[in-house]
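There are 2 protein chains.
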Amino acid sequence: MNLVLVAPDELDAQGFVHLHGRRAEHLVRVLGAARGTRLRVGVVRGATGIGEVVRNESGAVTVAVRLEGTAPPPPSVSLVLGLPRPKALSRLLGAVASMGVARIDIVNAWRVDKSYFDSPRLDAGTLAEAIWLGCEQGMTTWLPEVAVFRRFTDLLPRLAASPAGGCRLVAHPRASRLLEGAPTAALDVPTVLALGPDGGWIDGEVAALAEQGFVPVSLGPWVLRTEIAAPIALAELALLRRLRSAREGASPPFEARFD
Amino acid sequence: MNLVLVAPDELDAQGFVHLHGRRAEHLVRVLGAARGTRLRVGVVRGATGIGEVVRNESGAVTVAVRLEGTAPPPPSVSLVLGLPRPKALSRLLGAVASMGVARIDIVNAWRVDKSYFDSPRLDAGTLAEAIWLGCEQGMTTWLPEVAVFRRFTDLLPRLAASPAGGCRLVAHPRASRLLEGAPTAALDVPTVLALGPDGGWIDGEVAALAEQGFVPVSLGPWVLRTEIAAPIALAELALLRRLRSAREGASPPFEARFD
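Protein sequences appear in the order of chains B and Z.
Numbering of the first sequence is given in my numbering, commencing with residue 635 and proceeding in unit increments.
Numbering of the second sequence is given in my numbering, commencing with residue 635 and proceeding in unit increments.
The set of hints was computed from the structure by calculation and includes no laboratory data.
Certain hints may be false.
Stated by the list, open to error - Partner residues are not named here, just some residues of chain Z that face chain B (Cβ under 10 Å, in silico):
{"no.": "1", "residue": "722"}
{"no.": "2", "residue": "728"}
{"no.": "3", "residue": "733"}
{"no.": "4", "residue": "774"}
{"no.": "5", "residue": "812"}
{"no.": "6", "residue": "813"}
{"no.": "7", "residue": "815"}
{"no.": "8", "residue": "845"}
{"no.": "9", "residue": "862"}
{"no.": "10", "residue": "873"}
{"no.": "11", "residue": "880"}
Glycine included, every Cβ here is placed at the ideal spot set by N, Cα and C.
Put together the whole structure using the sequences plus the hints.
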């Protein structure tokens, strides 16, 4: 727990938060927090700041919080994820939440084992916990929204109803274009990135996403599990965007353009 | 198992391989292989090709293998990894092996829980299995070498004895320079990338690595677990190298060419 994440209504008008249960226990047992210990605290979808433990009694920890500045800008990238093995799902959600994403749509696909949808790891509470832990670890307050689509076709109307524009990419190992070849990949615009389940999307799914404006791209020469492909895709997008803004911020170098 | 990986001495002079145990069982039970099934086969540190199941009897599977061409070029990147939680170690080794790495040195560090070194997951056989499974999944024949250093200082003479030159980077979230700012990061040269345990390297470790020519770099604005940081670092390096060779391969921008 690198950040003590609290819901807005957990912070009282005097700036105190009273923790019980998992967070209190983790603070005391794992981090050795005691009266006077200072911690990094963040409010869900809000600012971060410094907290100081002012009371630690019978399993309850009270932290006095001083927030600094305003909330960081919201993440610009959302994910559509073909459901991986349930055991990998919690890890995957934690990893991408730790990197900051706006929204995660978990979706059925042809190559998803149908039994996966019976897993208790898809319960709303379990999904929310994995994401919360990821945000604590990654020190981000932008808890993504999550939805589960038990039929791939149920996702399509939602995509069709979303505002057009921005960047829509579908990862596909056999795509003829690499991520950096997609004209919008380096732009800092609202982005939806669709990653298939282990084994990938089938052609019909790629075609249905293409109809919704998704450009098929390959992330590189690898055969990746979904749980690794998703963080890699986020990192590659972020790197392309950093390179682009560095190019635009600096005086134009003679080797000016990659796209 | 996307690739049936076999050791060179498993392939007989007539091009047959006789599989028992895990691989035979996986082929039959999970992939439903039977007489006539065609599979992708690769020889450790060698070529890949097509195999055809010619016999499947009492738990033993015989595959006739026809290799195509020569071995792919060896990976240029090696890793130094601060030991993560043992449970994460097998996954991490599988993930990086699936992407292709030349060598993995697992090392103790200040922020490694000392009990981790007692885990059976550090047994040579368990490490080798995780790597083998990763190569099967990632379809690479370049099984990396692995070594475990129970003291950080034991690693340093090995680094000092290795050929100079190439690219040496140490990932450090507080580094003032991003990966793309390291002059050698985009060059396709022998590279060693050092990633700390969860919590990162301490300053003394970064300094000791810097004495061996390692340049501290940040992978981006994230707080990442080692098991995610390592694949991300490999992907970022590969992307920088692709961009560089695309720039060098392309005709200069802004210049009309009619030939």
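Evaluation of the provided hints:
1. 722: Interface hint status for residue 722 of chain Z: holds (9 Å vs cutoff 10 Å).
2. 728: Cβ of residue 728 of chain Z sits 8 Å from chain B, so the hint holds.
3. 733: Status holds, d = 5 Å.
4. 774: Hint on residue 774 of chain Z: holds, closest Cβ of chain B at ~8 Å, below 10 Å.
5. 812: With Cβ-Cβ at 7 Å, under 10 Å, it holds.
6. 813: Nearest chain B Cβ about 8 Å off; hint holds.
7. 815: With a closest approach of 9 Å, the residue 815 of chain Z hint holds.
8. 845: violated (28 Å)
9. 862: holds (5 Å)
10. 873: holds (5 Å)
11. 880: holds (7 Å)
When held up to the earlier numbered hints, the structure conflicts with hint 8 and nothing else.
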